[in-house]
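Please put together the full structure from these sequences, using the hints given.
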Amino acid sequence: MMLPDPAATGLARVRKIEGAALGLRTPAFAPEEGAGDLLEVSLGPHHPSTHGVFRMDVVLDGERIVRLKPVFGYLHRNHEKLGEGTSYLGSMPYTDRLDYLNSMTNNWAYALAVEKLAGIPVTERAEYVRVILAELSRLLNHTCLAGFLMQDCGCSGTPLMYAFREREKILDLFESLSGSRMMCNFQRFGGCRVDPSAEWLAATRTLVDGYGAFLDEFEALLSGNEIVMARTQGVGRLPAALAVNAGVTGPMLRASGVGHDLRKVDGYGVYPRFNFRVPIGRDGDVYDRYMVRMLEMRESISILDQALRGLPGGPILDPKAKQRGLRPKAGEAYGRIEGPKGEIGFFLVSDGTGNPTRYRVRAPSFVNLTILEDLCLGHSVADAVIILGSIDIVLGEVDR
Amino acid sequence: MESPEALRDRLLARFPGVSVELVPNGSPSGQVSLRISPAGLREVARFLRDDAALALDQCSNVTGLDSPDREVVETVKESQPGAPGGPPVVIERKQTRIEPGHLEVVYHLYSVARRHGPVILRARTGNRTDAVTLPSLTPVWRSCEFQEREVFDLYGVVFEGHPDLRRILMWDAFAGHPMRKDYVEPDDYEWEPTPHGEVLAKARRHYPSAAAPGAVQPSP
Amino acid sequence: MSDAPTDASSPGPLSAEERDELRRHGILLTSVQELYNWGRSHSVWPLNFGLACCAIEMIAASMAKFDIARFGSEVFRPSPRQADLIIVSGTVTKKMAPHVVRLWNQMPEPKYCIAMGACAISGGPFKQGYNVLKGIDRFIPVDIYIPGCPPRPEALLHGLVQLQEKIRQQPLRGPDAPRHLRSDLACDATVPELGAEDIEPPFSPELWKPPTLVRPDKA
Amino acid sequence: MLGKGLLQGLAVTAKNLVGSYHDPARYVTQEYPEVQPKLPEAYRNFPFLVSETADDPMGTLRCVACQICEKECPPQCIYIEKSKDKKPDATGKAQIYPAVFAIDTAVCMSCQICVEVCPFDAIKMDQEFAIAATDRFGGLLLNREQLAKPNAYYHQIHPTEAAEVDERLAAERRAAEEKARLAAAAKAAAPKPAVPAAAAAAAPGAARPAPAGSTAPAASAPVDPVPPPAPRPPSP
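Which chain is which? The protein sequence lines are F, A, L and B, in order. Under our numbering, the first residue of the first sequence is numbered -10, with each subsequent residue one higher. Under our numbering, the first residue of the second sequence is numbered 19, with each subsequent residue one higher. Under our numbering, the first residue of the third sequence is numbered 36, with each subsequent residue one higher. Under our numbering, the first residue of the fourth sequence is numbered 4, with each subsequent residue one higher.
If you're looking for bench data, these hints aren't it; they were derived computationally from the structure. The C-beta atom is built at its ideal place from N, Cα and C for all residues, glycine as well. Mixed in with the good hints there might be a few duds.
Claimed, not checked - Below, simulated EDC-like cross-link-like pairs (lysine to aspartate or glutamate); rule was C-alpha separation at most 16 angstroms, straight line: (1) L:K244 with A:E20; (2) F:K58 with A:D182; (3) L:K244 with B:D138; (4) B:K18 with F:E208; (5) B:K18 with F:E206; (6) B:K41 with F:D161; (7) B:K7 with F:E164; (8) A:K199 with F:E73; (9) F:K311 with B:E119; (10) L:K244 with A:D190; (11) B:K7 with F:E208; (12) B:K7 with F:E215; (13) L:K201 with B:D138; (14) B:K74 with A:E216; (15) F:K58 with A:D206; (16) A:K199 with F:D205; (17) B:K18 with F:D205; (18) B:K41 with L:E189; (19) B:K41 with F:D340.
What the hints assert, rightly or not - So the derived list for chain F, only partly shown, Cβ under 10 angstroms to chain B, looks like this: (20) D161; (21) N214; (22) I216.
Claimed, not checked - What the simulated footprint calls covered on chain L by chain F, stretch by stretch (three residues with Cβ under 8 angstroms from a Cβ of chain F suffice, anywhere in the stretch; the number is not a length): (23) 82 to 89; (24) 102 to 110; (25) 122 to 132; (26) 197 to 204.
Next up, the structure:
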């Protein structure tokens, strides 16, 4: 299989302290046939480490997993059916509730799809504001993910507590701009709903300037921690070829060494104007997935810095761009962006009326779960928990 | 990447027995798709994945579409013999015809290696009742596994060759296919304080008389 | 638990003002009921159970900024057997409903339920969906409803304070006594089954009556 | 060296532990019920109806029951019934008013679309969040008496936005008055009392013989005018 050359510009490998070099034993289980009696265990839908209402039907041989079937649908709240009965504008607040940690990027993906469908141009300032909010959202998501992943590893409390402390700072920014902490409903077709004020931009600048220091501290706590390394290195290896074939996207794919980032590949919005690197992993294990996200946050800080400096003036939303009563010509469009969890896309089919006839959400964490069984086979239940944690799922978009 | 027309011609030359049809798109997005006859879908898919120039190694999105039976009103002109010796009389007659519905599956293909896309494949079922089988593309792209299960669950398309075709979002005992346009929800209506639109129509069906028996007023 | 006066001749319970007056003079008065409820109300242990978006705000409420530990409720128990409170934080789908009810049945009395967010109260924005339960109160008796989509962590804390107040007001005897101290009330809820079209029954008949209301300010 | 990472991590936690005693950045707890949160001006929770005065909220609602918000509300949590009669609004002009206006806060998702689509600045977002109730319908279904809050309250919670709205409404009022004055002058000058069709279309509020000093909210045409909703069929 052909992959872009990692040495090509814009790719950064994760730096990795090998746990084995420090004398740590990394788990390397292999499935053995018929070693003992099989035990069937249902993990979830109420389980503290399934990140919501997710269920795994696991067949165990002793501690080893010999079969794992994910069971979905416990949060299937008919998002797509509702979207077919709602106007184009009315679906925007519903997209907030897909991946409820990252309403800003969901909004953007949906707005992008509608803009493609109806041919709506986006104002320059709005493109920059979208980048700023998407990167803030990425910081928020990856910080929380690191916290949750460590919770799954057994570092109970502390990393999550620090992660949520920083999350609150970003949420304060979202709230003072959009009016809501989590459900921002911020993007509009052709721009954004509110123009950020100078004070807001100054507050964002302060946060961005201070975030690197927080990451340093967070990494000092976790990245070199021997327990974390022993727990995560060599666990849940995902080969690059399988990752691509299984439609895995986002940090999951990049941790397997594939430098595929839609910000570079599609170059949507104004991302081609920014100078940033795409971190990739080497082994595709849980540690690499964690590390790729840490490095991505560093790149996000750099993008935020550039976007805040380059933010142009002008209108945030074209007043002629129609929001209410939008009736795109009959046709279809698939729009996708690089969300914090991977490729989030919306496939919209219009028949010329005010509601889409088909409103499909391509949810990254749903497709990323395809390889869950492959990653978990041969590992123990405790490893399955951190493998699931490293996939970074949000049930709101898995089940929709 | 080659144009959709060139790709269609190449596919037609390569797979003589397979019908490949270009589906236009009226939207400014210009995402034109290719409709493949179900029998050749998997061969075409495998070719698209393995072809060196295309290398469509990632199937990003799999979607179902439902087109229910439509009533089409057509005006038919018929010439009938008029009065003896005279010219034939042309009579216009309105004729309603039921256009049979179908289910359709849409695949969005991208190339990670070559960084291009999308190439959009479509395949139609024969109807919406008994001829709903399509070949599964899970053997070609693993990413189809859960998404095809979802299409099976919500639309009722049966994917032949799928390794594990079960319901995915609804529970196993569930009977209907809820994303179909003609799906009727279970009649679980109850009083809702802010009814309008469809909810109001449901309310009328349930409470035909204005004051339901035993109507009480909540304390404001 | 002989706190309530049994015959009419005995003096009634002291009013709050009288209590305060005595407290100012250094006299602390309490009753078994009061002490018992005071203790219970400050150690409401929630079930570590999140459903959807609201669960994130519930986690946020337990983190440093909002710090639910100040109310004695930071001990999120992973097992229902050790929990006093279920915070239904998010959309309850029909597929999930049997599990939620089963969790509720597994909790020991005295137990309480907070419906957090629009979805848990009424199905919220998703109420028209074919797989969404229109409110958890169809199967579980809800003590506090917290509207919002999602409610701020402060709103959750406000709801928790209201629940604590409710616990403090609970008499231990008489017709208003809580469920677990009465023999005439069932503690277990009906667990629905997943049927071919809908959950069966669609609501718990002994707990919930479908409203047949007219508009409040109409008619 | 094995153990270096652990020691580093312990140093971080120690720094945070000690820091929480003197560094406000590391001690972030807000003592909620005692200390109320500082809500940003943009914060939104549930909608409320703006009335001009606090003394007579029902008589001075800005809402004219046009039902656009009811139609656009994504979760359909608004219910409006138009009045059969007209009542003078704050400026004395006869207007249809909402005989029933209810919002089910148990369904509302705080998306603010009702505010965006309202052409009359009649519905705005409230910031009250401590509204937990023990009764589903009694506590969470709000009728128009509970929803009405005076303009002064709006100024209090969203000062910048409210000032802009007031300014815009005043400007529209002035423009409408000007148009009415011109129309009246043209009418007086013309021999036949015929209102030009163009003027009538441009200022429907002014085209009607309105009393002096009347506002014409109908003249504040929305950016995207929609046909008025069809008369509502009798509800069950």
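- [ ] Would you mind confirming whether the straight-line C-alpha gap from K7 of chain B to E215 of chain F stays at or under 16 angstroms?
- [x] Within the cut-off at roughly 8 angstroms; holds.
Task: Per-residue hint verdict: N214 of chain F, partner chain B, C-beta under 10 angstroms - done: holds (4 angstroms)
- [ ] Assess, step by step, whether the Cα of K244 of chain L is no farther than 16 angstroms from the Cα of D138 of chain B, and give holds or violated.
- [x] holds (14 angstroms)
TODO: Closer than 10 angstroms between Cβ atoms is the bar; does I216 of chain F clear it against chain B? Give me holds or violated.
DONE: Holds: closest Cβ of chain B sits about 7 angstroms from I216 of chain F, inside 10 angstroms.
Open item on the list: Just to make sure I understand the rule, a stretch counts as covered if three or more of its residues have a C-beta closer than 8 angstroms to a C-beta of the chain. Does the stretch 82 to 89 of chain L meet that for chain F?
Closed with: n = 6 at 8 angstroms, threshold three: holds.
Open item on the list: Can you tell me if the stretch 102 to 110 of chain L counts as covered by chain F, using C-beta to C-beta distances under 8 angstroms and a minimum of three residues?
Closed with: Violated - the stretch 102 to 110 of chain L has 0 residues with a Cβ nearer than 8 angstroms to chain F, which falls short of three.
TODO: Take the C-alpha atoms of K7 of chain B and E164 of chain F, compute the straight-line distance between them, and say whether it is at most 16 angstroms.
DONE: violated (40 angstroms)
Open item on the list: Checking one constraint from the list: CA of K74 of chain B to CA of E216 of chain A, max 16 angstroms. Satisfied?
Closed with: holds (12 angstroms)
Task: K244 of chain L paired with E20 of chain A [C-alpha distance capped at 16 angstroms] - done: violated (63 angstroms)
Open item on the list: Please verify whether K201 of chain L and D138 of chain B have alpha carbons no more than 16 angstroms apart.
Closed with: holds (13 angstroms)
Open item on the list: Using a Cβ cutoff of 8 angstroms, are there at least 3 residues of the stretch 197 to 204 of chain L near chain F, or does the coverage claim fail?
Closed with: violated (count 0)
TODO: Given the hint that K199 of chain A pairs with E73 of chain F, test it: the Cα-Cα distance must not exceed 16 angstroms.
DONE: holds (10 angstroms)
Hint violations for this structure: numbers 1, 7, 10, 15, 16, 19, 24 and 26, all remaining hints satisfied.
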